[in-house]
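K.L.:
Given only the sequences and the hints, what does the whole structure look like? Please build it.
Residue numbering for the sequence shown follows numbering that gives the first Met the number 0, beginning at 0 and increasing consecutively.
Misleading hints may appear alongside valid ones.
Stated by the list, open to error - Derived DEER-like restraints, expressed as beta-carbon distance ranges: (1) 43 - 248: 29 to 35 angstroms; (2) 246 - 140: 31 to 37 angstroms; (3) 157 - 219: 23 to 29 angstroms; (4) 243 - 170: 34 to 40 angstroms; (5) 189 - 166: 33 to 39 angstroms; (6) 208 - 244: 33 to 39 angstroms; (7) 118 - 266: 24 to 30 angstroms; (8) 181 - 122: 25 to 31 angstroms; (9) 166 - 262: 44 to 50 angstroms; (10) 44 - 276: 22 to 28 angstroms; (11) 193 - 92: 32 to 38 angstroms; (12) 92 - 117: 17 to 23 angstroms.
Honestly, the hints are just simulated from the structure, not real lab data. Here a beta-carbon is modelled for each residue, glycine too, at the ideal position from N, C-alpha and C.
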Amino acid sequence: MDILKVIFEHDMTLEHLSGQDNPRNRNKSSELDRDQALAEFLSPQKTYSRYYLSGTRFADHATGIPDRQQEPAGQQEPAGHRFGLSALTSWPLIRHLFGLILDTAATGKNADLKQLETNLKHGKIPETDAASGPPGSAWHQPDGKPFRQLSDALTGLAPGDILISGEHSDPELGKKIVLDERTGVRERFEPLTGLLDQGHFVIFTEKAHHGYDLHLFSRQNLYEILFSGCQAVLDPGLRCFTINGKRVGSERHFYFETWTLDRPPHGFQEVTPESRLR
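P.N.:
Structure, rendered in structure tokens:
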């Protein structure tokens, strides 16, 4: 059985995205800080959204982890289980679904996105191919390598790779956003927000125990259509959870499915056919 996790955070300010919302990272001594804070309070704030897509594939002999209140002592990776979005048995379907959603969202055509959401709510996942994908839904890597559709791009990625929506983007920002072994997303928040402010979507591939996860950033709130997408792919072999990122405070919470699958923590919602957002 597969577990798909969509971890989300909405309305993130630049301060939040850069980690400066943490009091330990702030300069507390300057009068200028207070003046700047007041000026920022009185001016419109740019906000951003991020989505972390991960998954766990349970061993063939398991239908799930027994519900329990205590994590199994000394058992960090149950035998035979695979951790990582790309390690899921349902990865080809998930890759197609979320590729379709993000290809459509990246065109900026809200009417097309609404129609897709309607289709997904009725359990209809449209077929696409390289010739008939949404027009203008190209993606590229920071070095300029192009892809016609996101699902195509996701087939050959490795941890640490980056995808940017559109046929091209600012090459200087592309150079600056590349990660190395010593840096993470927060160290690249300036080129990241530069690309987001220009209307791009940015996806980082994050190393997982087996394969990789996807870390998506955008100016657009995509929660509703991602929720509908989760409902559209549900089957007995795939369970989906949407998770408030503010509730994921530890690795234990991140891997909740290994110790409390059937009674997830507060802020962790299992998506079912009957689930409603409102």
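K.L.:
Next, verify each hint and record whether it holds.
P.N.:
Structure-based check of all given hints:
no.: 1; hint: 43 - 248: 29 to 35 angstroms; verdict: holds (30 angstroms)
no.: 2; hint: 246 - 140: 31 to 37 angstroms; verdict: holds (32 angstroms)
no.: 3; hint: 157 - 219: 23 to 29 angstroms; verdict: holds (27 angstroms)
no.: 4; hint: 243 - 170: 34 to 40 angstroms; verdict: holds (36 angstroms)
no.: 5; hint: 189 - 166: 33 to 39 angstroms; verdict: violated (23 angstroms)
no.: 6; hint: 208 - 244: 33 to 39 angstroms; verdict: violated (20 angstroms)
no.: 7; hint: 118 - 266: 24 to 30 angstroms; verdict: holds (29 angstroms)
no.: 8; hint: 181 - 122: 25 to 31 angstroms; verdict: violated (45 angstroms)
no.: 9; hint: 166 - 262: 44 to 50 angstroms; verdict: holds (46 angstroms)
no.: 10; hint: 44 - 276: 22 to 28 angstroms; verdict: holds (24 angstroms)
no.: 11; hint: 193 - 92: 32 to 38 angstroms; verdict: holds (34 angstroms)
no.: 12; hint: 92 - 117: 17 to 23 angstroms; verdict: holds (20 angstroms)
Violated hints, in rising order: 5, 6 and 8; the structure is consistent with all others.
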